[in-house]
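Protein chains: 2
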Amino acid sequence: MGKIILRNITVDGRPSDIRIEGSRIAAIRPHGEDFTVPEGFEVADCSGKVAVPGFVNAHTHAAMSLLRGIGEDMALKDWLDHIWAIESHLDAPFIYHSGKVAALEMIKTGTTAFNDMYWHSYMARKAADETGLGCLVSYTFLDNFDQKTAERQKEECLALTEAVGSWGERTKFAISVHSVYTVSEPLILWATEHARKRGLRIHIHVSETEREVQDCKAAHGGLSPVEYLDSLGVLGPDVIAAHTLWLSGKDVEILGSRGVSCVHNINSNLKLASGYNFLWKELTEAGANVCLGTDGCASSNNLDMLEAMKTCAITQKAWRKDPSALPLESLLKMATVNGGKALGLKTGRIEEGWDADIQIVDTDSTYFISPAPFLANFIYSAHSDSIVSLISGGEFVMRDRKVPGEEEIRRAGRECLSLIEKFR
Amino acid sequence: MGKIILRNITVDGRPSDIRIEGSRIAAIRPHGEDFTVPEGFEVADCSGKVAVPGFVNAHTHAAMSLLRGIGEDMALKDWLDHIWAIESHLDAPFIYHSGKVAALEMIKTGTTAFNDMYWHSYMARKAADETGLGCLVSYTFLDNFDQKTAERQKEECLALTEAVGSWGERTKFAISVHSVYTVSEPLILWATEHARKRGLRIHIHVSETEREVQDCKAAHGGLSPVEYLDSLGVLGPDVIAAHTLWLSGKDVEILGSRGVSCVHNINSNLKLASGYNFLWKELTEAGANVCLGTDGCASSNNLDMLEAMKTCAITQKAWRKDPSALPLESLLKMATVNGGKALGLKTGRIEEGWDADIQIVDTDSTYFISPAPFLANFIYSAHSDSIVSLISGGEFVMRDRKVPGEEEIRRAGRECLSLIEKFR
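Respectively, the protein sequence lines represent chains E and A. Counted the way our numbering counts, the first sequence spans residues 1 to 424. Counted the way our numbering counts, the second sequence spans residues 1 to 424.
By construction, these hints were calculated from the structure, which means they are not laboratory data. Treat each hint with caution, since some may be false.
[To be verified] Here chain E is said to cover these stretches of chain A; the calculated rule only asks that three of the stretch's residues, wherever they fall, bring their Cβ under 8 Å from a Cβ of chain E:
no., stretch
1, 269-281
2, 323-334
3, 347-360
4, 363-371
5, 414-422
[Claimed, not checked] Derived pair list, reagent style PhoX-like, types lysine-lysine, alpha-carbon separation capped at 25 Å:
no., chain 1, residue 1, chain 2, residue 2
6, A, Lys402, E, Lys402
7, E, Lys402, E, Lys126
8, A, Lys321, E, Lys321
[Stated by the list, open to error] Per label pair, the in silico range of CB-to-CB distance:
no., chain 1, residue 1, chain 2, residue 2, range
9, A, Arg14, E, Pro327, 45 to 55 Å
10, E, Glu130, A, Glu421, 43 to 53 Å
11, E, Arg399, A, Asp400, 37 to 47 Å
If you're wondering where the values come from, they're calculated on a predicted model, not measured in any experiment. Where a beta carbon is used, it is the ideal one built from N, C-alpha and C, also for glycine.
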């Protein structure tokens, strides 16, 4: 486990030395102060570099990295039909290798933990574990209102829940309910009860499109997806609701009072033409934990949280007609510590006792020649190639833009593409 | 001048060899065909790389690169007041070094030509020329309705117009009229006549904000900025209108019938909360030449055309509620050949006889492991660090991400920041 000293790295504007022990940040001292280097520690010189908490991607489908761009220019409904037809053929090895490609991409773009929803979740966890990332990986319920499917999924879920007993501290297990339009009520109730009994988080798509809300109201006596889920007792602080884009004032109130984690996925929402009217401010004020995600590569096309942050902020400014909307500090919290809270990981701050999830950012480029603060330059000007090294769970997972085994990950990923070509 | 063979580079999906002579593409042949290498030619192996036309940034203020992020979270009106207070202190050396930083950033992000509006334009041209970029650099009129200023500017403009006689074929001179809200009518008329007499293009901000349109209507008997400029005889195919965001149906008709080049600057428009309702489709159908720009770094925060393309497309899809809005090929044209047409440069296509402005893109990253076409991966997934080398006007201006003299450009840029600090 990690025995690293980051020497002369800027933390909150101050040159500092960081001691990492195991998976945690053991100490932070002003650089130059007496700072003992215990035996066996590696000292990494970080002069001219800035420490940023690793990003937490609070909603994605890692295994879709190899389906990147597969349904260009389609509306969500058609896109889902297209994707599902292909997904029905995907097997565990595909999901493993696709998960590895996703993990590689997340590492290259500064993400140290992610919240995943997919099938064969054991494989996504394996990919995360092998590359050193933290994750919340879930068994996904999606019965399309078919009772036989529901029964089979319950059995699978029970078996998997037993099997994950040995998972590590940073690779966690959860329960996903795909959505109110794809999962039957009895199964939603069973999944929720199962999750609560085992202390597992619940991950669900909620109010992603206007149509989902309309359909839900038609099917459930005028209740919105948020109201419907609340009526079933699903919503609580252990729930991660992806999208929550089309919300009424009452929906916001419910999500806030239940302390739900709401994940905005701006690039996916824009690209699929789902919308951009995310109520960040209203949800936060109501008490919800607002996070940021990329969604899967088939819709957002990449897993870049830095890109998502910029798009998120400037879109908020524009649709609210308020250039001061979504200040930088709040944006960073959405992409780090709030996501950590959602996933149940102590990540997202460069502070003693927190997980050692640290982006090491090089400021020697045109993007940082500016009178603006570091965070403005990092988020609004720079790109992920400014993130030169990354520490996840106390270990280097990237050094000088190199990730161990990356050529092999890409090679295996390319080979898997032939499987998709067969079923298109 | 350029004597380069790009061997085994993918052009429109086909492995090809490109011969560059002087500033032009002399020949393109399928790779493997007999292809004589004349004496004195450098052969660059481009196996596994893809050729993309260099981007044309059709509206920017290069010298604002050192004002990056200086007015975070301000509305356009306040932002302009803030910026102008600082700009009044900026001198020619500052503008030169800031222009060099901008040129460096444009090269690193695949841009080979740009359309600039600023003061001390001779310095911006010098920066472009020294780094190898094509440009349209203008004398900028902005009299704030003061007659003395107008007279002084006319004299300056006449002197500069004489001085530019010796400028190169790819560094062109133009006339900028800042906007209808900052330039008096007699000066607009004088500038237009001066430009037309000399065969110079006219560059102007038009209908950037809703307020600009309202104010113009109030000041000019109900005429919109487009209608007002048309009533003065300003609009024509030699006019580059930046923004054209708040347009009526009649405005679109006028801009189309006059063949005006209309430049969308999505990141700036979003960040300053100006809007996103750009009528790309309607303007194109009406006959306008629709281009893409980044605006200056003080508002958009960077000069990255690849980033601008993605934001442009996904914002169009979302606000039109149509995921098929703005197909990839049209988007690429906006960022390349249409910009070339606006600037009067034969750039934007990888074809024989066209300017040798070529991005060399490396596809060996996770972003290109996908069943989607190259262009989808390049625009929606990848970042500028995939652009490994760049040829502008027949010469390499970047090789393997290295730009000659870049350390010195950054050092000089950093030194200039102290000037701003004095006047904040």
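Tested hints:
1. 269-281: holds (count 8)
2. 323-334: Check passed, 5 qualifying residues.
3. 347-360: violated (count 0)
4. 363-371: holds (count 7)
5. 414-422: Check passed, 4 qualifying residues.
6. A:Lys402 x E:Lys402: Status holds; Cα separation ~18 Å.
7. E:Lys402 x E:Lys126: Status holds; Cα separation ~21 Å.
8. A:Lys321 x E:Lys321: 19 Å, holds
9. A:Arg14 x E:Pro327: 45 to 55 Å: 49 Å, holds
10. E:Glu130 x A:Glu421: 43 to 53 Å: Because 48 Å falls inside the window, the suggested range holds.
11. E:Arg399 x A:Asp400: 37 to 47 Å: Violated, at about 20 Å.
Going through the hint list in order, the structure does not satisfy hints 3, 11.
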